[in-house]
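Colleague: Chain E is already provided as a structure; the job is to place chain V on it using the hints.
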Amino acid sequence: MSAGGIDQKRVLFSWAMLAPFIVLFTVFVVYPLIQSAFLAANQTFGPGTRTFVGTKNFELLFSDPVFWKSITNTFIYAMGSLFIQLPLAFALALALNSQKLRGRGIYRLIFFSPQLMGLVFVSILGALAFEKRAGLVNQAIAFILQDPKYLEIDWLQQHVMATLILISLWLYVGFNMIYFLAALQSVDKSLMEASEIDGANAWGKLRHVIFPSVKPVATFVVLLSMIGSLQLFELPYILLENSGGPENSGLTIVMYLYQNGFDLGDLGYASAIGWVLAIILIGLALVQVKLTRAQEVRP
Amino acid sequence: MQRLSNTILALRGLSSGVWVIATLLIVSAFFVLMRDPQEKGDLRFWLFSLEHRKMYIPLIERHEQTTNIKLDVELMSIPAIQSRMMSGFFGGLPTADLIEIERAVAPQVFMGPTEAIGLHDLTDLLIEEGLLEQLNQPSLAPWSVDGRVFGLPHDVHPVMLAYRADITEAAGIDVTQAQTWDEYFELLRPLMADTDGDGKPDHTPLSFWYTNQDMIETLMLQGDGQLFTQGGTPTIDSERNAWLLAKMTTWCVGSDPVAIYVDEWSAAGHRDKVDGLAIGYIAPDWMCSIWKMHVPGLDGKLKLMPLPAFEQGGRRTSVRGGTMLGIPKTTEQFDRAWEYAKLLYTSPEVARELYREVDIISPVRSLWDDPVYDEPDPFYMNQRKGRMYIELAPEIPLRPSSPYNKQAAIDVRDAMGQLAKFAEENRLYTIDELLPRARELLAGVQRQTERRMARNAFAAEDLAAAEHGGEE
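Just so you know, the sequences run in chain order E and V. Position 61 of the first sequence, counted from 1, bears residue number 61 in this note's numbering, the numbering being contiguous throughout. Position 263 of the second sequence, counted from 1, bears residue number 263 in this note's numbering, the numbering being contiguous throughout.
These are computed hints drawn from the structure, not numbers from a lab. Relax, there's no trap hidden among the hints.
The calculated DSSO-like cross-link candidates involving lysine-lysine, where the alpha carbons are at most 30 Å apart (straight line), are:
| hint | chain 1 | residue 1 | chain 2 | residue 2 |
| --- | --- | --- | --- | --- |
| 1 | V | K40 | V | K54 |
| 2 | V | K200 | E | K149 |
| 3 | V | K247 | V | K200 |
| 4 | V | K421 | E | K69 |
| 5 | V | K54 | V | K70 |
| 6 | V | K247 | E | K149 |
| 7 | E | K205 | E | K100 |
| 8 | E | K189 | E | K290 |
| 9 | E | K189 | E | K205 |
| 10 | E | K290 | E | K205 |
| 11 | E | K290 | E | K215 |
| 12 | E | K149 | V | K421 |
Only chain E is shown next, with the shape it has when bound in the complex (with noise of 0.2 Å):
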C-alpha cells in the first residue's frame, strides 16, 4: 500500500471518529445558532406565523426599557458574585487549606454540598429559609435582635437581588472554593519557606507569593463567575415563579428571553435577545483567552 493510501485510510479514520461528534454539534449547535439568527431578523407570535423584519428587533431591544432593566439586574448579580462570593470563597479556601485545621475534609464537604444536592433543591430551600414570619432567616434575625418585626421582613418582594446573591452565595461559594483550594495546594512551597526565612507575616506570604500562585486559577473563576452570572435564570425562575419578581426587580437576561419567546410566542424578539447575550458572552472568553495568554507569556 502505497504511503499515500495509508494517509487517506488515516483521514477517512480520522474522519469516521470526528463524526458523531461533528454531527451531533451541528444538529445541536450550527443549526439552532443559524437558525436563531435567522429568526432575530424575524417576529412571531404563536405557530404559523413569522414575518420578516431585518433589524427591528435589535432596535426595539436597545429601547425596551425591560431589557434594560434586565442587563441592569443581572450585572448587579454578577457584581455581586464578584466582589462577595469569590472573596469568601477565597478566605474559605485559605482558612481550609491550613495544616492546623482539624476535620478540613468534612468543612469542605459541607461547603460544596449544595452543589451536590442541584440548584433547583437548593431555590426551593432558599425559597423556604427566607420566607416571611415562618422563614429561617426572619426567625434568626427576630431572635438576635430580639424584634418581632423582623419576622415581616418581605425578602423575595422587598430584597429580591440581595435574596438572589444571599442563596447563589450559599449554592456557590463551596464550588468556588474548591478551585482555589487547588491553586493553594499547588504554591510552590520552596517559595512559602523562602518568604517565611525572608521574615513575611501572613499579610506578606499573601500578597507576594500565594496571590501571584493562584493568579491564573483566580482569573478563570472570575470569568467562569461572571458568565454563569450572565446566564442566571434557574434561581429567580423558580424563587419568582417566573414573573421577574416586583417591578421586575429580579428580571435577569435570560429570564427576559424565556419570557419574550414561551410566555408571549416572539421568538424572533427572544433570538435577538440571545444573540446580544451572546455577543457579551463571546466578549468575556475573548478577554479571558487575553489574559490567561498574557500570564503565559509573562515569565
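Modeller: Frame of chain E, contents of chain V only:
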C-alpha cells in the same frame, strides 16, 4: 499479530474507571435491548393531574373494552406538557390526540391568527351535538378566540369566601349578614382586638395581600375589572380598574389593615390558617379539597359563603384557575379523540367523582341536578357546598384569553405594590386619596402592555384594528 498485541497492550493500559464505564455501558445496553417494547395504544392523552388520571382510568378501561380503541394516558407536569405541546405546534410535529391544558398555559396556545392555532376548533361540533348550550357559558371564555371554542371546559371554579366559623360563631358574629366587603370588615372588627398583648390583632378579617397576583386578579374580576376585552384590547387603565386597585390597597395599608399575608401553599401558611391569623379566605371550589388534604387542622372549623360584593347588589363570586381538553390538529383520529373527549368531560360518572374527590363542580349544566352536589360536607360544618358553588357558577366573570394577560396581571400586581408603598409613605389611606395615583400607575401598565403588543407585528395589527374599529 503485532497489531493485535499492540492493541491488547493499549487496552491493558486503560485505567479501572474506563473499564467500569465500559462495563456499565454494555450491561445497560443489554437491558435496554432486552426490555419488552410497550404496546402502543391507538390514541395518546396527555394530562397533568394525578387525580384526573385516577378518575378517568376506570372509564377509559370500560370504553376500551366496548370499542377496542386503546387510549394511552400519559401523566406529566404542566411545564412538560407546555413545552412538548408548543414545540409540536411550532414545528408542525405530532403531539398527543388529546391534551389537558391548564389555564396559565392556554394563552400561549391561542397566540397568533385563529387559523394558526394548533387545536381543532370545536365550535360547530359543540353546536351540532347540542353540547354548547349544556355548558356553563362563562366557563368557555378562557378557551375561546374570536367567538370560536378550542377546548372543552373541565370545570367552572367559582369562588366563595371560606371563613373560620368556629371563631366568628364563638364571638356571636353572623358573617353571612355581610353583603359587601365594607360590611364584612366592619362586622369582624371586634375580632381584631389585641387580647393577648402581643402588639398585633388576634385575627385579621381577610387573607389577601398586594403581592398575590392570583388574588388581585380574582377580586378584580369579581368587581368587574377587566384587563382586556374579549377581543384582546387592553383596558387596564379603566376607571373601574383604578377604583378597584385603590379599594383593595386600602385593605392592606394603615395602622390597622383588614387584610394580612397568609401563604396559600406553604406549611407555615397552613399553620397560620389553623391559628386563625386570618378569618376569611378566597376559596375557589378546588381549594376546598386542597385544605382537606393539606390542612386537616381546619376540619369542622370553616364555612363557606358567597364573596361579599364590592357594592350593594354587586357580583358575589369570581373565578380562579381552570383546565380544558383540546384536540390537536395533528391528530389523525379526530373522531375517536372527540368520542373520548366527550366521555371524559361530559360523563355523569366523572362529574360525580370530580366533586367527590377534589370538590370541583362540572361545567355541564345538565349534570348539576346530581344529588352528589347536595351532600353535606363535614369538613365545612356540613354545608351543602356543591349546591352553593353551583348557584354561583352562572355568575362567574368572563376571562380573556389574551397571551398578554399574564404579564399584564403581573404588572398590575406591581402597580398595587407601588400604590401600597405610596400610601404608607404619604399616609394616604382612603380610596379618594389613592385614586389619582392608582390611575397613573395603571396608565403606566397600559402603556407598557401596548408597547409590548405594538412590538409584535401580529399583535400590533390586532391592536390597530381594534382601535380603528372601535372594538368593544
